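Its first residue numbered 6, the sequence shown is counted upward by one per residue in our numbering.
Just so you know, these hints were derived from the structure itself, not from any lab.
Fair warning: there could be bad hints in the mix.
The calculated label-pair distances, taken between Cβ atoms and stated as ranges, are [to be verified]:
{"no.": "1", "residue 1": "C254", "residue 2": "F38", "range": "39 to 45 Å"}
{"no.": "2", "residue 1": "R313", "residue 2": "Y24", "range": "21 to 27 Å"}
{"no.": "3", "residue 1": "S355", "residue 2": "Y135", "range": "45 to 51 Å"}
{"no.": "4", "residue 1": "S355", "residue 2": "H165", "range": "36 to 42 Å"}
{"no.": "5", "residue 1": "D360", "residue 2": "K170", "range": "37 to 43 Å"}
{"no.": "6", "residue 1": "C254", "residue 2": "E207", "range": "49 to 55 Å"}
{"no.": "7", "residue 1": "D40", "residue 2": "K377", "range": "16 to 22 Å"}
{"no.": "8", "residue 1": "K370", "residue 2": "N100", "range": "33 to 39 Å"}
{"no.": "9", "residue 1": "N334", "residue 2": "Y105", "range": "57 to 63 Å"}
Since we're looking at a predicted model, the values are computed, not measured.
Think of the CB as a built atom: it goes at the ideal place given N, C-alpha and C, for glycine as much as any other residue.
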Amino acid sequence: MSKNKILIFIGSCGKSWPYNTTPIQRALVLKSFFDQVLFIDKEDSLSIFLNDNSEYMKVDSFKELDEIFPKYVSDDSDLTVIHGPSWPISKEVLNLRKKYNFKWIVDLYDHENLTSNIHLFKKNYAKFVYHRFFERNIVKAIKNSDILISAIYETRFLLHANRIKCINGVAFSEIKKISNNKDVASEQEFLHLGYVGVLSFERSFLILKIVKELFENNNTKVKFHLIGDFDENFKNEIEKYNNDLIKTCFYGFVDWTRAINILNSVDVCMYTFPIAHREELDCVYPIKIGEYLALGKHVLSVDSNGLRDILDLIDKKGDITLIDENDINLWVSEIHRKAELKENMTEITSLINKDLARDLLDWDKLHKVIVKSLSR
Numbered sequence: 006m007s008k009n010k011i012l013i014f015i016g017s018c019g020k021s022w023p024y025n026t027t028p029i030q031r032a033l034v035l036k037s038f039f040d041q042v043l044f045i046d047k048e049d050s051l052s053i054f055l056n057d058n059s060e061y062m063k064v065d066s067f068k069e070l071d072e073i074f075p076k077y078v079s080d081d082s083d084l085t086v087i088h089g090p091s092w093p094i095s096k097e098v099l100n101l102r103k104k105y106n107f108k109w110i111v112d113l114y115d116h117e118n119l120t121s122n123i124h125l126f127k128k129n130y131a132k133f134v135y136h137r138f139f140e141r142n143i144v145k146a147i148k149n150s151d152i153l154i155s156a157i158y159e160t161r162f163l164l165h166a167n168r169i170k171c172i173n174g175v176a177f178s179e180i181k182k183i184s185n186n187k188d189v190a191s192e193q194e195f196l197h198l199g200y201v202g203v204l205s206f207e208r209s210f211l212i213l214k215i216v217k218e219l220f221e222n223n224n225t226k227v228k229f230h231l232i233g234d235f236d237e238n239f240k241n242e243i244e245k246y247n248n249d250l251i252k253t254c255f256y257g258f259v260d261w262t263r264a265i266n267i268l269n270s271v272d273v274c275m276y277t278f279p280i281a282h283r284e285e286l287d288c289v290y291p292i293k294i295g296e297y298l299a300l301g302k303h304v305l306s307v308d309s310n311g312l313r314d315i316l317d318l319i320d321k322k323g324d325i326t327l328i329d330e331n332d333i334n335l336w337v338s339e340i341h342r343k344a345e346l347k348e349n350m351t352e353i354t355s356l357i358n359k360d361l362a363r364d365l366l367d368w369d370k371l372h373k374v375i376v377k378s379l380s381r
């Protein structure tokens with residue numbers, strides 16, 4: 006008699022996690038592989054989990070795992086536990102592993118260098134020291150886990166016996182369903198540029214520099230569609246450079262569906278997060294690039310390890326232009342070139358990008374390597 010296959014998915018699955026994030030991708034793909042799935046987090050649930058074989062449990066503290074686990078461990082069950090690079094969760098699961106037998110998966114998601122390095126980049130040294138101290142629990146968890154998953158295959162943790170590289174996929178079928186609507190009134194005389202991300206001096210300074218340079222040296226009508234939480238001072242600074250030729254529209258935080266529809270209305274999508282040549286941030290995997298391709302959009306982007314993984318996967322095809330983040334003149338030049346070519350931006354290029362996303366970046370296809378490993 007076969008055992009009941011149970012998955013306990015801990016953390017990163019509450020309502021604050023957008024549909025297209027790595028943890029949610031993992032959850033939606035893996036849940037179909039198990040007979041029973043329990044999602045646990047410290048916030049309310051995403052409704053997409055509450056069907057079929059799944060249940061959701063909200064906890065006040067991950068210390069409650071010690072009370073939850075005995076209900077799911079038996080001779081008739083085959084238990085698998087998965088969680089991300091969280092030191093509070095890692096600490097609790099390390100203790101549970103001493104009591105119970107289960108298959109243990111640690112998922113680094115798209116962060117090879119763990120949280121402490123983000124604080125190092127921000128020069129918040131107190132938080133860096135605090136997180137680095139407790140991250141030893143994550144390192145212990147990684148060493149004791151049965152499977153280690155990461156999107157970026159860097160040099161750290163290469164000695165793990167069963168490490169899987171699974172880069173983030175694109176929810177192509179969902180994008181196709183929701184991208185029929187266009188959320189922005191089109192002004193044909195403008196080149197429309199889309200950007201998604203936190204809009205602040207720290208995270209989006211390159212956008213500000215591009216807008217300022219266009220203001221000073223420009224004869225092309227350009228409109229920026231900026232999606233994401235924004236710093237009011239940053240917004241005010243950018244709007245100082247608005248005129249008849251340059252416009253900026255701040256949408257604030259919007260849900261994933263509306264973001265896709267806004268981006269579906271633009272001509273070119275941008276990825277400008279400053280990560281090139283920074284070891285502590287060059288681990289970030291830009292899933293947005295895959296979504297831009299799925300929408301058939303032309304892409305202007307900074308370089309990064311994660312982006313190079315995408316380019317390798319699609320055999321360097323597709324309309325993606327890599328630009329040095331420090332070369333503002335080249336950014337402006339490429340924007341001017343896209344404006345000149347706007348009338349000739351063919352449907353063929355759009356279809357090529359969409360086909361690449363469908364055939365090579367769809368998350369179900371990319372996650373097969375994880376399912377295969379679980380089957381062993």
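| request: Mind listing which of the numbered hints don't hold for this structure, in increasing order? | output: Of the numbered hints given earlier, those the structure breaks are 5, 6, listed in rising order.
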